[in-house]
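Asker: Single-letter residue listing:
There are 2 protein chains.
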Amino acid sequence: MTAASSDLTPLLNPRSIAVIGATNRPGRAGRIIFEQLRRAAVPLFPVNPGESDVLGAPAYPDVKALPEGIDLAVIAIGAEGAVKAAEACGRKSIPHLIVVAGGFRESGPEGEALEARLAALPRRFGSRVLGPNTLGIFLPHSRLDTLFVEHGDKALARGGGAAFISQSGSVGVEALGLASNTGFGMRAFVGLGNACDLDEIDFLHHFADDDGTTCIAFYMESMGDGRRFLAAARKASLRKPVVALKAGRSAAGASAVVSHTGRLAGSDRVVSGAFRQFGVQRVMDDEALCDAAKTLSMLRPPKGNRVAVVTPAGGYGVMAADYTTLSRESVGLRMARLSPETENRIRNISLPYASSRNPVDLTASANDRMVGETLDALLNDPGVDLILCIAFFAPPAITDAMIDEIARRAVATDKPVIVFTQYGPFTEDYLRRFHRLGVVGFPSIQRAVRAARFLVERAGIIRRLNLP
Amino acid sequence: MTAASSDLTPLLNPRSIAVIGATNRPGRAGRIIFEQLRRAAVPLFPVNPGESDVLGAPAYPDVKALPEGIDLAVIAIGAEGAVKAAEACGRKSIPHLIVVAGGFRESGPEGEALEARLAALPRRFGSRVLGPNTLGIFLPHSRLDTLFVEHGDKALARGGGAAFISQSGSVGVEALGLASNTGFGMRAFVGLGNACDLDEIDFLHHFADDDGTTCIAFYMESMGDGRRFLAAARKASLRKPVVALKAGRSAAGASAVVSHTGRLAGSDRVVSGAFRQFGVQRVMDDEALCDAAKTLSMLRPPKGNRVAVVTPAGGYGVMAADYTTLSRESVGLRMARLSPETENRIRNISLPYASSRNPVDLTASANDRMVGETLDALLNDPGVDLILCIAFFAPPAITDAMIDEIARRAVATDKPVIVFTQYGPFTEDYLRRFHRLGVVGFPSIQRAVRAARFLVERAGIIRRLNLP
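Heads up: the protein sequence lines correspond to chains B and P, in order.
Heads up: the first sequence at position 190 corresponds to 190 in the numbering used here, and the numbers run straight through without jumps.
Heads up: the second sequence at position 368 corresponds to 368 in the numbering used here, and the numbers run straight through without jumps.
Rather than coming from a laboratory, the hints here were simulated on the basis of the structure.
Even glycine gets a Cβ: it sits at the ideal position worked out from N, Cα and C.
Treat the hints with care, since some could be wrong.
Stated by the list, open to error - Quick list of simulated restraints, FRET-style, between CB atoms: (1) G304/B x D209/P: 44 to 54 Å; (2) L326/P x R337/B: 35 to 45 Å; (3) P396/B x R436/P: 24 to 34 Å; (4) S6/P x A397/B: 33 to 43 Å; (5) T413/B x D225/P: 40 to 50 Å; (6) V270/B x E112/P: 52 to 62 Å; (7) R143/B x P425/P: 16 to 26 Å; (8) E80/P x D376/B: 27 to 37 Å; (9) R91/P x P352/B: 26 to 36 Å.
Make a model of the complete structure from these sequences and hints.
Answerer: As C-alpha cells, this is what we get:
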C-alpha cells in the first residue's frame, strides 16, 4: 500500500504511457487513442493479448508484462475488463490511470459496484484515477490527447492560457470546437467523467499553481465537496480568474442532472451566492464559458467600468450603448464621457459627418488610419477604462491592414480592447486573424459587451478578495 | 403635378432601370451598382455625360435624354448633383427613385435644405423617393441588387420569406452576412436611409400584402409616425409575424441615435408597451432579429409552450432544460411531461443507459435511427408542442444521414422542430445543410431556445389580436 500522491505531473506531463486495449482495428477507441498519442513525443506501450504489435509498436499481452516505471495508463476497454486492468496497474504501481469506458455509476447498481473498486485504487495501491466514463485529457502544447471522439480542428487550439475542466465529455468537446472556430488558446482540457477519484478540486489546485495557466474554467453539474471546492476556488481566484458553468439551475435541469450523472445538483441559489462570495464567476452556457475563458485568459481587468465604443456604423454604436448601459446583469458598465481633448483629436482625424462623442461613429467613410488614431485618442483618455472596437470590413476605405492597426495598439496597452467583427461567411476567419495577433474578438455585439462585463466583474473580485 | 402612387411594384419589380452616375471607372459606386444590376433581367439605361457607353451599354448624357416609361432611377452621384438629377427624373415622370448619396439631413443645415427638395418630389412630380443616404434594395429572387458595399456571400441568401427593412445600411448589410452564414431565406432587403419619402410604413403595407413574404423584420432607430406605424403593424400582424429591433433603448443609445440619424428615438418604455399591444415582436440586437426572422418565416406557431428536448449529450439536455424553464423573458416555456407511452417507445429504441424522460438523453451511443425514431415518438405525443433537437456529429454512430432523418420529419409536421448543432469549424456548413432541407437550426443552445420563445410569443399574439 502506497500513499496516493496529489502531484498531477505524471498525468499531465507523463514520460511514458501504457495504452490498455490499443488495437490495430480501425474505428475502435483503442486505435484512435493510440494513434493520437503517437503525436506526443512520449514512449508508448500498447497492451493487447490478441496483437503482436500495434501500428508497429510491440504489444504486451497484459499489464503484468509491462516494464516498470510507467507514468500513465490509458485504459480503453469495457467496464469489467477496465476494472481488472486498473487493479493490475495498481499492483504495478503505475501512479496515474485514465479509465475511458462508461457503464459505471451512471448505469445502475452493478456499475456502482465496479466504480467502487476503481475508487478504492488510491487507498489500495496509491494509483490515482481519472474517470471512469471520461474522454481524458488534451494538452495542446505537448500534443497529449486521449480524446477519442471527433473534436473539430484541434490544430487551432494551439495552446494558450485557459485550463478547461469539464464534468461532461460532450460539453468539453463542443467547447473545443468553439475554441477552434474563433480562436481560443487552451492550456489544457480535462474531462472528469464520473470523478471516482480525481475531481475538480484536484485540478483546481494543479492549475492554480501552474504558471502557464491564466484562467481556470469549469463545466459542472454537481459539486462533490462544495466547501472544499469553494475554499480552493477562493485561493485560486486570488491568483487568476476562475469561471464556472454550473448547469442544472432549474428544477427541470436539476432532475436531468440526476439521470445524466447520478448526482444531485444542489440548491441553485446557494450555489450562486457561494460562487460570488468565493470569487468564482458564473456563466449560463457553453458559449459564455468559452467567451469568458478566452477573455479572462487574455486580457487584464480594467481600472473601472467606463466603456468607449468606436464604430464605422452608427447603428452598431447605438446597440453597443444600449447593451452597455441597459443590461439587467449584476455587473454594471457605463458609457465613458470623453474629454474635450479626446473629442477634438477625433474631430481632427475624422470626416465632417463623423460623431466624436461616445459611441464614436466614424461613418462608412472611415479608413484604417482613422480607426487606429481614434484608438490612440481613446487609449489616452483617462476617463476610458475599456474600449469596444467595432471592426467591419464593408466600408470601401477599410482594408485588412486595419487588423494590424488595431492589434498593435491592443497588445501594447493595459486597457482592455475588445473587438466585435462580422463579415458574412468570413467572420470566423477574421476572428482567428485577430486572435493570432493576440486580440480578443467576438462575432456579436452582445457577446463583446458581455466580455467587457466579465473583465469588470473580475476587477471587482480582485478588490473584494484582497480586502483585509 | 401627378398624384404620388403608393404602389411599390415599379420599385421592387421594375421593367426598366436608369442608373444616374453609372461609370466604367472601377471601384466607384456607380460602377458597382451598374454591374450588379446587369444580373437582373431588366433593361438598363446608364446616364453619364462623360461616357459614350458603360460596360457596353450606350450611355445617355442626361436624364432628359432618357426614353419615356422608365420605372426606376438609381441615382449614384453626390448630394447636390443627385437632387438636380432627381428633379429631372421627376419632370420625366419616373415613378421611383433611389438616392444613394449621403450628405443630407444627417450632415447639417445645408444637407437639410437639399433633403427638403427631395422630399418635395412626390408632391411636385408624383415620383416616390427611397433614401437619400441608402443602400437601396436587394431582392434575391429577381437578383435586383443596388447594394454597393460588400455584403458577404449573397448567393446564399437565395430567396425565402423574410422581408428585412432597415433604417441603417450597416445593420442591414451585416444582417445579410448573418443570413448567408447559417441559412436564412430573404424575400427582400430594403435600406430606408433617411426616409425623406418612402418609409417603414410604406414597406410594411407592401409586404403585408405580398404573398411571398412570410415574416416582416425591421431595424429601426426612430419611428416617424408612431401611430400610423403601429396601426399598420397590427394589420400586418394579423396575417404574418412582424418583428422589430428598435435600438436606442438606453439614454446613451438614444443620444447616439440623434447623431446617427438626426431623429429622436422616442421613449423606450412607451415603445415596448405599444409593440406588445400592436402585435410587434421586439428583439434586442441584429443577431436576435435575424434569428427571429428565420424562425418566424419558416415555422408555424405551436399550440402551446411545452418543449421536448432530445440530445446525445446529457450536459446539453441539462442546459436546454435550464434555459427553457428559468429565463427572465416575458414569454414562458415549460418542459413537456412525456406520456408513459412515449417514454416506453423511447426505451424500446434506445440503449439501457439512455434517459427516456424529458430531456431525452440518448447518450453518445445514439445512432441516426434512434434520433429519428425518438422524434417520431415526441411528434406523436399530444403533450409536446415544440421539439428542440440537439444534433451533434461527434458520437461514433451518428453520420451525416441524421440530417435527413431530422429534416424529413421536421418538414412533414406542424409541430415546430428547432435544431441546435455545433460541429467545430464545420458548424456553419452543417447549419446551411439543415437550412437547405427546410430545417431551422442555430449554433447555440441559448439561441435555439430563444427561437422557441419567438414562436410561442407569436402564438400568443395571434390569440390576442383575434379576440373580439
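Asker: Now, for every hint given, state plainly whether the structure supports it.
Answerer: Comparing the hints with the structure gives:
Taking 44 to 54 Å as the suggested C-beta distance range, the pair G304/B and D209/P conforms, at roughly 53 Å. Between L326/P and R337/B, the C-beta spacing of about 36 Å keeps the proposed range 35 to 45 Å intact. At about 32 Å, the CB distance of P396/B to R436/P agrees with the hint of 24 to 34 Å. For the hinted restraint 33 to 43 Å between S6/P and A397/B, the CB-CB distance of approximately 38 Å keeps it satisfied.
The hint said 40 to 50 Å for the Cβ distance between T413/B and D225/P, and at roughly 47 Å that hint holds. V270/B and E112/P have their C-beta atoms about 60 Å apart, which keeps the hinted 52 to 62 Å range intact. For the pair R143/B and P425/P, the supplied restraint of 16 to 26 Å holds, since their beta-carbon distance comes to about 19 Å. The given range of 27 to 37 Å is respected by E80/P and D376/B, whose C-beta atoms sit roughly 35 Å from each other.
The given range of 26 to 36 Å is respected by R91/P and P352/B, whose C-beta atoms sit roughly 32 Å from each other.
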